[in-house]
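Chains as they are written, first to last, in our numbering: chain A, 14 to 171; chain B, 14 to 171.
In case anyone wonders, no lab produced these hints; they're calculated from the structure. Keep in mind it's a predicted model, so treat the numbers as computed, not measured. Heads up, the beta-carbon is just placed ideally off N, CA and C, and yes, glycines get one too. Don't take every hint at face value.
Claimed, not checked - Okay, derived cross-link-like pairs now, DMTMM-like style, lysine to aspartate or glutamate, Cα gap no bigger than 20 Å in a straight line: (1) A:43 / B:73; (2) A:43 / B:121; (3) A:50 / A:102; (4) B:43 / A:68; (5) B:43 / A:102.
As the list claims (entries may be wrong) - Interface residues of chain B toward chain A, partial, derived using beta-carbon atoms under 10 Å: (6) 40; (7) 42; (8) 65; (9) 97; (10) 120; (11) 122; (12) 152.
Protein chains: 2
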Amino acid sequence: MTFFSRPICIVALGSALAATTAFAAGHSEKAVADAVKARHAQMQMVGYHTGVLGDIAKGERPFDSAMVDAAAGNIAALAKLEHATLWLEGSEQGAVEGSRAKSEIWSDAAGFTAKFTDMQTAALALVGAADQGAVGAGMGALGETCKACHETFRGPKN
Amino acid sequence: MTFFSRPICIVALGSALAATTAFAAGHSEKAVADAVKARHAQMQMVGYHTGVLGDIAKGERPFDSAMVDAAAGNIAALAKLEHATLWLEGSEQGAVEGSRAKSEIWSDAAGFTAKFTDMQTAALALVGAADQGAVGAGMGALGETCKACHETFRGPKN
Numbered sequence: 014m015t016f017f018s019r020p021i022c023i024v025a026l027g028s029a030l031a032a033t034t035a036f037a038a039g040h041s042e043k044a045v046a047d048a049v050k051a052r053h054a055q056m057q058m059v060g061y062h063t064g065v066l067g068d069i070a071k072g073e074r075p076f077d078s079a080m081v082d083a084a085a086g087n088i089a090a091l092a093k094l095e096h097a098t099l100w101l102e103g104s105e106q107g108a109v110e111g112s113r114a115k116s117e118i119w120s121d122a123a124g125f126t127a128k129f130t131d132m133q134t135a136a137l138a139l140v141g142a143a144d145q146g147a148v149g150a151g152m153g154a155l156g157e158t159c160k161a162c163h164e165t166f167r168g169p170k171n
Numbered sequence: 014m015t016f017f018s019r020p021i022c023i024v025a026l027g028s029a030l031a032a033t034t035a036f037a038a039g040h041s042e043k044a045v046a047d048a049v050k051a052r053h054a055q056m057q058m059v060g061y062h063t064g065v066l067g068d069i070a071k072g073e074r075p076f077d078s079a080m081v082d083a084a085a086g087n088i089a090a091l092a093k094l095e096h097a098t099l100w101l102e103g104s105e106q107g108a109v110e111g112s113r114a115k116s117e118i119w120s121d122a123a124g125f126t127a128k129f130t131d132m133q134t135a136a137l138a139l140v141g142a143a144d145q146g147a148v149g150a151g152m153g154a155l156g157e158t159c160k161a162c163h164e165t166f167r168g169p170k171n
């Protein structure tokens, strides 16, 4: 027994270390898939609220300052959501179905966060917009922040 | 022409008033359907984050204070989203596909907002949870707030 116990222990320890490393660096397949779905829900909500503002800018909905402020405030809140739960390592495009997240999201986390801060700033600038024209102008600036992030951190269509 | 112009004007004015009233009280069919989808995305995100916390409470994910704080903070932020864009009048159950919103959401708007405030408070209480047990306890309290709102303001399954 003593003769064999050492290599068995080393193998067992090696497996335990490998499992721990995988756990620390990544997440379960389900956890990663769920995170991607939650990000899509986040983007869906951003899209909904930019749609409300876009409709107001185009005159397809009446200008309503309470609605504008709520839409802009909600976009800012969505831009401010914490990344730790949403942008799990191992959830990049190719690693999980539906993801278009580029690896730069993790290699340049500060740059990625800055894009969300830009979106938040542009959204908050729309709060208090005085009329349809102001919403249109603010929407242009907001749209630029969406585009800037997508160009840098979003991969091609799946 | 003068003889006919008055009734025509009255009819036209009547139509314009009717259209304006419908527009002010309600929203386009598409606007209402989009709001319901956005609410579902909001609830999906809340569900995702409570799932993360639930997994930690059950020991299915390792306790990680950064993850707990992010999940709790995001739930609080989602609970705080402005209602004006999401809970459009005319988007109650029966009026639009997929909705389970009870009419009490609009007849008791203050009570409805209070439920979201309760959720926010319970979520924020989880920030800084010291260990798995604390997450479990906090999750119990958070779950109660979900249940309380659903019991009062959510209709039966469609």
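Hint by hint, here is what the structure shows:
Our distance criterion of 20 Å between C-alpha atoms is met by residue 43 (chain A) and residue 73 (chain B), whose separation comes to about 12 Å. For the suggested pair residue 43 (chain A) and residue 121 (chain B), the alpha carbons sit about 39 Å apart, so the restraint of at most 20 Å is broken. With a C-alpha separation of about 15 Å, the suggested pairing of residue 50 (chain A) with residue 102 (chain A) holds against the 20 Å cut-off. With a C-alpha separation of about 12 Å, the suggested pair residue 43 (chain B) and residue 68 (chain A) falls inside the 20 Å cut-off, and the hint holds.
Only pairs whose Cα atoms come within 20 Å are accepted, and residue 43 (chain B) paired with residue 102 (chain A) is rejected, the gap being roughly 37 Å. A hinted interface residue such as residue 40 (chain B) counts as satisfied when its beta carbon comes closer than 10 Å to some beta carbon of chain A; here the least separation is about 8 Å, so the hint holds. Hint status for residue 42 (chain B) relative to chain A: violated, with the closest Cβ pair at about 13 Å, above 10 Å. Of the supplied interface hints, the one on residue 65 (chain B) holds, with its beta-carbon coming within about 6 Å of a beta-carbon of chain A, less than 10 Å.
Interface hint status for residue 97 (chain B): upheld, as the beta-carbon distance to the closest one in chain A is roughly 4 Å, under 10 Å. For residue 120 (chain B), the shortest C-beta to C-beta distance to chain A is roughly 19 Å, which exceeds 10 Å, and the interface hint is violated. Annotation: interface hint on residue 122 (chain B) violated; nearest CB of chain A at approximately 13 Å, more than 10 Å. Interface hint status for residue 152 (chain B): violated, as the beta-carbon distance to the closest one in chain A is roughly 15 Å, over 10 Å.
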